[in-house]
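Undergrad: Sequence:
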Amino acid sequence: MEEFKDFLDKLDDQQARFKIEEVLQWISDEYRGLGKTVKWNQPMFTDHGTFIIAFSVSKKHVSVAPETVAIKHFEPEIKEAGHSYTDNVIRMTWNEPMNYELIRKLVDFNIEDKKDNDRFWR
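Here UniProt numbering is used: the first residue of the sequence shown is 1, the next is one more, and so on.
Hints were generated in silico from the structure; no laboratory data involved.
There may be inaccurate statements among the hints.
As the list claims (entries may be wrong) - List of simulated lysine-lysine pairs, DSS-like, C-alpha gap at most 30 Å:
(1) Lys59 with Lys5
(2) Lys39 with Lys19
(3) Lys39 with Lys105
Produce the complete structure using the sequences and hints provided.
TA: What follows is the structure, encoded as structure tokens:
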């Protein structure tokens, strides 16, 4: 998790820091083969040089960014879970538990869907 240290150190809100650090650690543990980097002030995970998922922190929520294709694919589940979302991000508020089940599905989907992708973005 050394790759995310500078990003985490800049977070003033300790609750936000704890929750985002927990998510980043969970993905690091569950998906040991994924690359870790910070771009555009977002911690993100990559697979063979292609984007898989990123996170950004705001005052009231964490934005989960798996790319539009993944959001469209899981839109019914996102709605059912009650998360607000756009074409590009899913918002998970700080006062609710992180939706690890959905995050796992998003990561698994992107790894499989982008296995032959040779570019960073779709």
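Undergrad: Each of the hints needs a verdict: does it hold here or not?
TA: Status of each hint after checking the structure:
no. : hint              : in the structure
1   : Lys59 with Lys5   : holds, 20 Å
2   : Lys39 with Lys19  : holds, 20 Å
3   : Lys39 with Lys105 : holds, 23 Å
Of the hints listed earlier, there is not a single one the structure fails to meet.
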